[in-house]
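*Asks:* Chains as they are written, first to last, in my numbering: chain H, 1 to 114; chain A, 1 to 112.
Source of the hints: derived by calculation from the structure; they are not laboratory data. Note that the structure is a prediction, hence the values are computed from the model and not measured. Even for Gly, the Cβ is constructed at its ideal location relative to N, Cα and C. Careful, some of the hints might be misleading.
Derived, one-sided and incomplete: chain A residues facing chain H with beta-carbon distance under 7 Å [claimed, not checked]:
1. G96
2. T97
3. K99
4. T104
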Amino acid sequence: ETGVTQSPTHLIKTRGQQVTLRCSSQSGHNTVSWYQQALGQGPQFIFQYYREEENGRGNFPPRFSGLQFPNYSSELNVNALELDDSALYLCASSLFAGSGTEAFFGQGTRLTVV
Amino acid sequence: ELKVEQNPLFLSMQEGKNYTIYCNYSTTSDRLYWYRQDPGKSLESLFVLLSNGAVKQEGRLMASLDTKARLSTLHITAAVHDLSATYFCAVVVASGTYKYIFGTGTRLKVLA
């Protein structure tokens, strides 16, 4: 059974650019959630994907968007990068079971915007 | 607004001492998680607490949950340097989707 994997592990982008982060969910999991963790803070929920549809969104602007593919892997896209987008981005996969099951986190992607 | 607050935010303690980290949350939830995070690393799951009065223990760490008080505690017994890390509690909320609301984190430093 493979765990949650994210790529790349580190990334440096310039303000105004666009970035795509990738996440492969754990085997058997059909739900992927994305979190942003700014330095010194707890992770904040960005959005969740279930069966290739967005299934809930946190307080993030539309320039944060995502996709989920038929194999349940997912992408997080951020357009028009701002300096405050610098953070650790965590992907979590789970089996959507109605009442909520434990989500397993990937190792994260460290994004630095300069 | 949903809030999950931890205290203290920073904790420096001597090896061998005991201490408790508190996690207060402002909404009802049917589960609460504790995580450990080392610098630059992802989240390591420590405990999941599913019901009122739940208590879990692993090594020098013990977590408990009081859903009526909306309070969870993480108790550290006879701290060792290897426990130095940031600890987060996270409450699962269902508002259209099941998402984790994380606490502010407690940065623990155990001094040898």
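*Asks:* Now look at each hint and say whether the structure bears it out.
*Replies:* The hints, checked one at a time:
At its closest, the beta carbon of G96 (chain A) sits 5 Å from a beta carbon of chain H; the interface hint therefore holds under the 7 Å criterion. Checking T97 (chain A) against chain H by beta carbon gives a least distance of about 3 Å; that is within 7 Å, so the hint holds. Of the supplied interface hints, the one on K99 (chain A) holds, with its beta-carbon coming within about 4 Å of a beta-carbon of chain H, less than 7 Å. At its closest, the beta carbon of T104 (chain A) sits 6 Å from a beta carbon of chain H; the interface hint therefore holds under the 7 Å criterion.
When the structure is compared with the earlier hints, no violation turns up for any of them.
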